[in-house]
Amino acid sequence: MTQPGRIEITGGRNSLRPTDEEIAFLKDRAKFCRLETIRLIEIAKVGHYTSVFSAAELFSALYYDAMDLRRGEPKWEDRDRFMMGKGHAAVGLFPLLADLDFIDRDVLDGYTRLGNPLGDHPDMTKVPGIDFSSGSIGHALSAGCGMALAGRMLGKDFYTYVMIGDGELQEGQVWEAALFGAHNGLGKLIGIIDRNGYQLDGSVDDIIGVEPIVEKWQAFGWETHVVDGHDVAAVATLLRTLKADRERTRPVMIIAETVKGKGVSYMETEPGWHLGYLDPSDAARAIAEIEAMEI
Amino acid sequence: MNKPLSDKSWQYRQLNAVTPGLDALSDALIELVAAGEPIVAGTADLQYSNGLAKFHALHPDRFVQFGISEQNMVSAAAGMAAVGMKPYVATFASFLALLCCEQIRMDVAYSKLPVRLIGHHAGISLGFYGTSHHATEDLAIMRSIANLTVIAPADGNQLKEVITAANDYPHPIYIRIQRGRDPEVYAQRQPFTIGKAISHYSGTDLMIIATGSTVHPALEATRALRAAGASVGFLDMATVKPIDRDAILEAAGQSPRILTVEEHNVLGGLGGAVAEVLASEGLPVKLTRHGIYDEYSLIAPPTHLYAHYELDAKGIEARATRLLEGRA
Chain A
1 MTQPGRIEIT GGRNSLRPTD EEIAFLKDRA KFCRLETIRL IEIAKVGHYT
51 SVFSAAELFS ALYYDAMDLR RGEPKWEDRD RFMMGKGHAA VGLFPLLADL
101 DFIDRDVLDG YTRLGNPLGD HPDMTKVPGI DFSSGSIGHA LSAGCGMALA
151 GRMLGKDFYT YVMIGDGELQ EGQVWEAALF GAHNGLGKLI GIIDRNGYQL
201 DGSVDDIIGV EPIVEKWQAF GWETHVVDGH DVAAVATLLR TLKADRERTR
251 PVMIIAETVK GKGVSYMETE PGWHLGYLDP SDAARAIAEI EAMEI
Chain B
1 MNKPLSDKSW QYRQLNAVTP GLDALSDALI ELVAAGEPIV AGTADLQYSN
51 GLAKFHALHP DRFVQFGISE QNMVSAAAGM AAVGMKPYVA TFASFLALLC
101 CEQIRMDVAY SKLPVRLIGH HAGISLGFYG TSHHATEDLA IMRSIANLTV
151 IAPADGNQLK EVITAANDYP HPIYIRIQRG RDPEVYAQRQ PFTIGKAISH
201 YSGTDLMIIA TGSTVHPALE ATRALRAAGA SVGFLDMATV KPIDRDAILE
251 AAGQSPRILT VEEHNVLGGL GGAVAEVLAS EGLPVKLTRH GIYDEYSLIA
301 PPTHLYAHYE LDAKGIEARA TRLLEGRA
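Listed in order, the protein sequences are those of chains A and B. With the numbering used here applied, the first sequence corresponds to residues 1 to 295, in that order. With the numbering used here applied, the second sequence corresponds to residues 1 to 328, in that order.
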């Protein structure tokens with residue numbers, strides 16, 4: 001495995017397409033995200049594996065490529081911000097925060113144990129590197145709008161990235177934020193929909209359909225992009241491209257086509273894995289598949 | 001013909017532009033901007049009701065119109081505070097405290113962000129607009145949210161002082177105000193301390209404790225009772241949370257009876273907070289909680305409602321008299 005954290009300050013590259021070496025590194029970090037998720041959920045004995053697995057390449061491309069961050073400086077004022085409405089995927093984000101020296105390894109290893117700051121949902125008051133708390137679905141895009149608008153008012157140049165789930169689009173508040181972001185021309189706000197097609201009770205289409213997603217965001221006045229959310233090179237290239245235009249006057253919504261549970265065959269086909277636990281014997285099978293996966 | 005025929009006709013914007021009910025909020029924020037503070041003010045399609053139109057006109061770059069999207073407003077305010085601004089967001093108390101309760105809890109209070117939530121037209125002050133526009137539960141709801149400070153200023157001057165006192169206060173605050181047409185209790189520039197009750201009178205027969213909109217009428221009632229010979233004390237409990245325990249204990253030490261008065265359900269608000277202090281100290285005081293008795297208000301103009309519910313000076317005096325005479 002590549003040594004974590006080779007990149008001291010990420011973001012702002014000149015070449016829009018990552019090099020082969022960079023792509024290999026980003027793939028490795030996505031793998032790291034999945035494997036660490038399995039390890040941490042073994043501590044808690046319950047967790048949201050598949051919500052992380054659909055977003056692993058997105059996390060990797062954001063934290064190791066697109067976002068301007070400084071290793072070990074989670075409160076650096078000019079850093080790019082990230083938050084997610086699907087806060088239950090935080091178990092996949094915490095290992096990255098440790099990897100970037102935002103939190104201690106020991107803290108990571110105490111995931112969900114009494115008094116540890118790391119729980120199923122991210123808490124900005126307890127976890128360095130978490131830019132906004134979440135857990136109640138539907139608030140994040142609004143908070144992101146506030147951050148992006150305040151950044152502009154304060155003359156800051158940072159970007160605000162907000163990941164939301166496709167099921168999350170059922171929350172009315174998301175559409176309040178959709179109106180607001182477009183109305184205020186928040187060009188440094190980049191939303192990412194992890195369109196994995198499933199929520200707790202079943203497929204999004206069966207529960208309350210949200211299609212056509214792309215047309216909806218377009219109609220709301222957002223610049224939209226559709227990308228294969230597991231093609232980390234494509235995601236990174238898109239994010240670099242978006243950031244290269246610093247004069248944008250519309251917010252962006254990326255619709256990332258993903259597979260819930262990506263990387264573990266028996267999870268990809270069974271939505272019940274939204275929440276669950278893998279006995280060590282099954283965890284070993286999952287780890288073997290993830291180790292072998294080539295996207 | 002695009003103008004009304006009679007000068008008795010009026011329209012909302014024009015009326016509020018000429019005689020804004022709620023000047024104090026804008027005035028206080030304008031002062032803070034002048035002092036270089038990173039203030040931002042927002043509202044949800046109510047800038048003429050809460051007077052923020054004045055702030056808007058002067059500082060369009062620091063004003064955010066959220067439209068009829070209150071939940072988005074509260075979460076976005078939290079986002080703004082998270083990157084270093086001092087946001088004040090205002091809408092009717094009924095919408096702010098009830099519709100946005102969860103956004104307040106999760107994004108503002110749990111996240112410990114210094115957002116100022118201005119719930120205006122609280123209580124039954126919107127009269128015949130009805131229950132959808134009344135907030136008689138907000139104190140109880142906001143008081144039960146950890147990390148959140150709850151303050152109900154009695155008038156515009158006190159509101160200004162609350163905002164000044166709150167400027168560097170690190171916690172989020174719910175500020176409950178009325179329509180801005182409240183009679184003045186306080187002269188200008190009387191410094192305010194968050195968490196400290198303001199004692200107006202001490203008394204050995206009865207102590208009246210009021211907050212926000214009931215301070216003025218309850219103070220009038222106190223004066224009338226005192227003029228009639230009763231020893232009636234009065235406390236303005238502007239900060240409902242954290243409540244001034246010492247002031248309550250001192251009041252209980254002086255008087256065998258306490259009457260709390262609030263434009264709010266008698267459950268969970270000021271009366272509830274005082275009851276908690278008295279009960280936890282095991283004090284043998286007769287506490288009467290006066291307000292809205294766990295019901296939805298009738299439809300009527302506000303002054304008629306205050307008379308009906310004994311929340312005007314006369315009504316409070318009558319309520320206190322019954323208590324002093326041992327009739328209720």
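The set of hints was computed from the structure by calculation and includes no laboratory data. Do not take every clue at face value.
[What the hints assert, rightly or not] Distance condition first, Cα-Cα at most 20 Å in a straight line; then the derived PhoX-like pairs of lysine-lysine: (1) B:Lys241 x B:Lys112; (2) A:Lys156 x A:Lys27; (3) A:Lys75 x B:Lys112; (4) A:Lys126 x B:Lys112; (5) A:Lys75 x A:Lys126; (6) A:Lys156 x A:Lys243.
ask   = Is the hinted pair Lys156 of chain A and Lys243 of chain A satisfied, with a Cα-Cα distance of at most 20 Å?
value = holds, 15 Å
| task | Would you check the hint for Lys126 of chain A and Lys112 of chain B, treating anything up to 20 Å between C-alpha atoms as holding? | result | Within the cut-off at roughly 11 Å; holds.
* **Agreement of Lys241 of chain B and Lys112 of chain B with the hint, judged by alpha carbon distance not exceeding 20 Å** => Cα-Cα ~16 Å, so holds.
Lys156 of chain A paired with Lys27 of chain A [C-alpha distance capped at 20 Å]
Since the Cα atoms of Lys156 of chain A and Lys27 of chain A sit roughly 31 Å apart, the hinted pair is violated (cutoff 20 Å).
Agreement of Lys75 of chain A and Lys126 of chain A with the hint, judged by alpha carbon distance not exceeding 20 Å
Given that 20 Å is the threshold and the Cα spacing comes to 13 Å, the pair holds.
*asked:* Hint check: Lys75 of chain A vs Lys112 of chain B, CA-CA at most 20 Å. Holds or violated?
replied: Given that 20 Å is the threshold and the Cα spacing comes to 16 Å, the pair holds.
In this structure, only the earlier hint numbered 2 is contradicted, and the remaining ones agree with it.
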